[in-house]
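There are 2 protein chains.
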Amino acid sequence: MSEFLAETTDLLRRTPNVIRALLSGLPESWGDTPDTEGGWRPRDVVGHLITAELDDWIPRAERILEHGTSVPFDKFDRFAHVSRDDDRTLDQLVDRFAQLRSESLARLDEIVSDADLDRHGMHNALGEVTMRELLATWAVHDLDHTSQIFAGMAGSRDADVGAWKHYLGILLRRDDPAAVPG
Amino acid sequence: MSEFLAETTDLLRRTPNVIRALLSGLPESWGDTPDTEGGWRPRDVVGHLITAELDDWIPRAERILEHGTSVPFDKFDRFAHVSRDDDRTLDQLVDRFAQLRSESLARLDEIVSDADLDRHGMHNALGEVTMRELLATWAVHDLDHTSQIFAGMAGSRDADVGAWKHYLGILLRRDDPAAVPG
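So the protein sequences, as listed, match chains A and B.
Each residue of the first sequence is one higher than the one before, counting from 113 in our numbering.
Each residue of the second sequence is one higher than the one before, counting from 113 in our numbering.
So here's chain A without its partners, still in its complex pose (with noise of 0.2 Å):
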């Protein structure tokens, strides 16, 4: 395996402990916040996560594998968890999550290998992209809403700091994206 896919794997599978030691358990006075004005709560970014595995990353592979460019990929609703998840508990998602990526890797593995990295597909609104591209943005995917998470929980405790404010870059910018800290 190449360093890339062996690289790239490591971080997916990462992912779900990395949630689950952030969220499981969670007092609900940490998780009631979005990360910005209309974003998202925690278990929002969670429920959108579920759907990616669902919905995109596997199954673009797998239309990358079986029909190259001439079949362009599915839209993707990147608001599907809004009311699929009502009655499900932040724990439920966190644990739906980590069996569900479980899923994914497994499939990646039978299904990828280093030989059809440089294979084309055709996003529907991006154009051309190769499979090696489909999967970094897999794992930076994760990374980028993962870090979403700590936003709004650093959100529920704006009221609190006081003064401190001021040095905290990740409240600052949830009110204006271009704010330096002091």
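None of these hints come from the bench; they were simulated from the model.
One or more hints might be untrue.
It does not matter which identical chain is used: a pair holds within one copy or between any two.
To be verified - In silico SDA-like cross-links for lysine to any residue, where the CA-CA straight-line distance does not exceed 20 Å: (1) 187 - 167; (2) 187 - 278; (3) 187 - 199; (4) 187 - 274; (5) 187 - 279; (6) 187 - 198.
Based on these hints, arrange chain B on the given structure of chain A.
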């Protein structure tokens, strides 16, 4: 114990586990990129968290308890890790942080109870602050810097995601903090 104290220490206990899940045994290629130009690599962030355990949180809590507002906090060196940690591996730094955090929480439990939360201290630059604000800031500081680790890790894959970068805020914001993903 009040909800505030219980929920704040709950978060503080999580951070070493989150950082371990994210960084322990990490392939080197994921760890060599700073969060922004001139910013911090994951190992720099962990070094800064180590400094804060040594010089910031518990020493300041003790200062409040011993001197109230009459003796201001000592200034905190945000770059103390820079030469100190050169000969330590990332895994060694993660272990060191976990050990120090465990000691900090044991000490916190010894010295701070609910009755102390409204005691006042004097920040060297910000003026009067409370014990409650110090502890809330400790937790948000964890979240702020842990999320910084994700930005560096994502940055290490900036060249690999191709056109998808357009959708990945965590990469776009490394170039322009106000960037909004497509």
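**Prompt:** Among all the numbered hints in the text so far, which are the ones the structure does not match?
**Reply:** 3, 6
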